[in-house]
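K.L.:
Below are the chains, spelled out letter by letter.
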Amino acid sequence: MSHKNETGGKMKHKVLWIEDGAFVEVSSFAAPVINRIVYALEVALDVSDAVKKIIKTQFDAVIVDIRIPPGSDPEWEHLYSKSGYNKIGARLGIQLLFSLLKPEAAAIKLDKIPPWVSPGKFGIFTVESEAEVKNDLEVLGITFFQQKKTNIPNIALLELIEKIIRSSNEEYNTGGK
Amino acid sequence: MPPQITEAWGIGYLQILIVLLIFAFGIPSIIFQVTLPEEIQRLVNRYMKTHFLFPFITVIVLLIFSMSFIWFVHPCAVDLPSWKNWIGNAVVSLSLVSLIFFWWNYLRKLSRENIINYLEDKIERKYIKAGFVSEGELMDIIDLGERSEAGYEKEVVIKAISRLIKKIQDSERYSGGDLESILRNFDRVVASKDKPGNETDFQLAVDILEDIVARLSSRNLSISGDEILAYNVLKEIGRKAVELKLSRVVLKIVTIASSNPDALFEIGLSAFKSGDYFAALAALSKLETLALAASPLESAEFNDLLGLLAHFWTVNKSSHRRAESFFNAYGGNLSFLDQYLDLAIEYHYNSARYETADKMIFMRDAIMETMQED
Numbered sequence: 000m001s002h003k004n005e006t007g008g009k010m011k012h013k014v015l016w017i018e019d020g021a022f023v024e025v026s027s028f029a030a031p032v033i034n035r036i037v038y039a040l041e042v043a044l045d046v047s048d049a050v051k052k053i054i055k056t057q058f059d060a061v062i063v064d065i066r067i068p069p070g071s072d073p074e075w076e077h078l079y080s081k082s083g084y085n086k087i088g089a090r091l092g093i094q095l096l097f098s099l100l101k102p103e104a105a106a107i108k109l110d111k112i113p114p115w116v117s118p119g120k121f122g123i124f125t126v127e128s129e130a131e132v133k134n135d136l137e138v139l140g141i142t143f144f145q146q147k148k149t150n151i152p153n154i155a156l157l158e159l160i161e162k163i164i165r166s167s168n169e170e171y172n173t174g175g176k
Numbered sequence: 000m001p002p003q004i005t006e007a008w009g010i011g012y013l014q015i016l017i018v019l020l021i022f023a024f025g026i027p028s029i030i031f032q033v034t035l036p037e038e039i040q041r042l043v044n045r046y047m048k049t050h051f052l053f054p055f056i057t058v059i060v061l062l063i064f065s066m067s068f069i070w071f072v073h074p075c076a077v078d079l080p081s082w083k084n085w086i087g088n089a090v091v092s093l094s095l096v097s098l099i100f101f102w103w104n105y106l107r108k109l110s111r112e113n114i115i116n117y118l119e120d121k122i123e124r125k126y127i128k129a130g131f132v133s134e135g136e137l138m139d140i141i142d143l144g145e146r147s148e149a150g151y152e153k154e155v156v157i158k159a160i161s162r163l164i165k166k167i168q169d170s171e172r173y174s175g176g177d178l179e180s181i182l183r184n185f186d187r188v189v190a191s192k193d194k195p196g197n198e199t200d201f202q203l204a205v206d207i208l209e210d211i212v213a214r215l216s217s218r219n220l221s222i223s224g225d226e227i228l229a230y231n232v233l234k235e236i237g238r239k240a241v242e243l244k245l246s247r248v249v250l251k252i253v254t255i256a257s258s259n260p261d262a263l264f265e266i267g268l269s270a271f272k273s274g275d276y277f278a279a280l281a282a283l284s285k286l287e288t289l290a291l292a293a294s295p296l297e298s299a300e301f302n303d304l305l306g307l308l309a310h311f312w313t314v315n316k317s318s319h320r321r322a323e324s325f326f327n328a329y330g331g332n333l334s335f336l337d338q339y340l341d342l343a344i345e346y347h348y349n350s351a352r353y354e355t356a357d358k359m360i361f362m363r364d365a366i367m368e369t370m371q372e373d
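Listed in order, the protein sequences are those of chains X and W. Numbering (numbering that gives the first Met the number 0) for the first sequence: 0 to 176. Numbering (numbering that gives the first Met the number 0) for the second sequence: 0 to 373.
Extracted from the complex, chain X is given alone in its bound form (with noise of 0.2 Å):
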């Protein structure tokens, strides 16, 4: 799967990561990625943040992260004052991956889900082990996920998203098969 502008040169690769601390860890961990040629990284910061840009724009790859603010939308931060405004026991990332990809089983359901979104292109990335978010994982069909701990290397994000649009790449090649 290529992009491609008039002048015959891929385009780049549309990555969005939901993070609200990706201006704090954006050196460690963006910067790998921004510095590759073939990504375009958009922010997102919270998750009303990230349903706008979603909405607005087909991306390649989205990673997101599982504790993050609610954004400015009422529903959204009506859900997290529920959990008592914590970021932890609300677990919107989670929560707005349900209401991407099942719906039918969201707390809150989006008024519109582009075509293009599809667990194939969603990857975690949070402090959260995975046995903690697999039995979510495996409801939701979200297969690449990456802890963060101390000690990885700051290519980790940039190597999940390699992940993610190498299989895109994969299944688009084998027609989906």
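Among the clues, some could well be false.
[Claimed, not checked] One side only, chain X facing chain W, incomplete, derived with CB under 7 Å: (1) Met10; (2) Phe22; (3) Ala30; (4) Pro31; (5) Ile36; (6) Ile164; (7) Arg165.
Quick caveat, the hints were computed from the structure, so don't treat them as lab data. Quantities reported herein were computed from a predicted structural model and do not represent experimental measurements. Don't be surprised by glycine CBs; every beta carbon is placed ideally from N, CA and C.
Once you've looked at the hints, dock chain W against the given chain X.
P.N.:
Relative to chain X, chain W alone:
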């Protein structure tokens, strides 16, 4: 019984009245001078002329209390009943307490917040009535913000401007160009030369500009004067944020300005020159995305991209490598690259960006030399 005033009591009363008069006029004036900053005093004198009435009101209150004291509880030849003593004490005590309360309440009204709210209401009312932002009051808010200390003081001004902008943009009258006087001066509040804001002030300002652009977009007024001005302010604030090394703010600005090549170029260049390579890289990456999607190639997006790439190309080896990787990935597919480079050099030359134009000439010659060798 009427008060039986002896000479001694008369002198006593006179002295008390003089002291009270000094208290009524002098003390509050001293408090006014000492507690309120000069810029607030200036605005109070300009807009709240009624504050001069307050000393007179105080004197009248004092006179009423004094007269009631003299006429009702003045010590006379006979012993006073205890209730009269109580009343006497109460009158004196109440007069002092009420005066202190009166002045405290008055000074409170002269606070920075109240004056800003007053000006904000005045601008809003005038806008609703006449359809334009009144520059007199606006400049006073802006001046106040510029002279305010970073943190809470600036925050009060920035939030007032934010409310004002929202009200204007939400009004029926708004057509996409009414914020000009606000936007032309907004950067003075946050990025003033002598008293710049802190990181929170910058973040607030950036959020406001992001909201302006979003509201313009939601009302289909994107190609308007206010949008151009909003990006200009973003550029100015971005440059100052680079100077103050507020990396998070710079990155947020790069994200917001991701559709504006000129802002990306300016902020990216400032960041690059100040050694904030990550922010410069973020701006470059956004420019690459914009330019590759742009059509035709001789667009502002492509010109700005090539300009920023030229700085990466010429300054140090690692940044050169990053610039080179762009041409390796995309340059091969760009027919007539030399022509595009020439057009971009002309664009920067005409924009008086001589340094950029020079670096581009150097980069063009190097690229052409490599291409010929290949």
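K.L.:
Hint by hint, work out which the structure violates, then give me just those numbers in ascending order.
P.N.:
4, 6, 7
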